[in-house]
Amino acid sequence: MGREDWQLYRRVRLDALKEAPYAFGSTYEREVEFDDATWRRRVVDRVRLIAEVDGVVAGTASGGDGEVNGAAAMTAMWVDPRYRRLGVGELLVKTVLEWAKGMGYGRMFLWVTDVNAAAEHLYARHGFVGTGASQEVRPGELEHEMSRSL
57 MGREDWQLYR RVRLDALKEA PYAFGSTYER EVEFDDATWR RRVVDRVRLI
107 AEVDGVVAGT ASGGDGEVNG AAAMTAMWVD PRYRRLGVGE LLVKTVLEWA
157 KGMGYGRMFL WVTDVNAAAE HLYARHGFVG TGASQEVRPG ELEHEMSRSL
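In this text, residue positions in the sequence shown follow my numbering: the first is 57, and each later residue adds one.
Hints were generated in silico from the structure; no laboratory data involved. One should not assume that every hint holds.
Just the calculated beta-carbon pair ranges, DEER-fashion [as the list claims (entries may be wrong)]: (1) D110 - G186: 33 to 41 angstroms; (2) V112 - S82: 23 to 31 angstroms; (3) V171 - V88: 29 to 37 angstroms.
Here a beta-carbon is modelled for each residue, glycine too, at the ideal position from N, C-alpha and C.
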């Protein structure tokens with residue numbers, strides 16, 4: 057996505073937060089208040105991917121610098137419920153991994169909430185394993201870090 061795609065990114069991100077609040081560290085209520093300048097900045101602060109099926113947005117994922125030097129982070133992964141288990145998530149994960157390899161990263165990290173077993177299984181199929189790190193994402197709910205070499 058390029059700078060000119062900020063409105064599409066905003067719509068997809070807000071749809072994702074509304075549909076799957078359990079999957080993200082942020083909330084719809086927080087991000088719906090962002091001004092246009094914030095959305096314009098966010099669409100280019102990392103690689104933003106949109107998957108489409110027959111011209112309809114089916115999912116999204118992002119990649120960027122991780123917290124560890126030389127590592128990338130996969131963030132904001134979401135697949136519209138109508139397109140789950142049809143390969144959209146697989147394609148998004150593969151594409152972010154290919155992007156990270158192409159950028160010269162040696163490792164990729166991500167966080168997955170403990171109530172999102174389907175996403176955890178998807179990541180495991182792509183070689184991600186738990187690092188043992190966990191943090192509270194909401195009161196009483198944890199997210200767990202996973203990583204893999206590239």
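Each hint tested on the structure:
Judged by the Cβ atoms, the range 33 to 41 angstroms given for D110 and G186 holds: they are separated by roughly 36 angstroms. The hinted range of 23 to 31 angstroms is satisfied by V112 and S82, whose Cβ atoms lie roughly 24 angstroms apart. At about 22 angstroms, the CB distance of V171 to V88 disagrees with the hint of 29 to 37 angstroms.
The structure fails hint 3 only (numbered hints given earlier).
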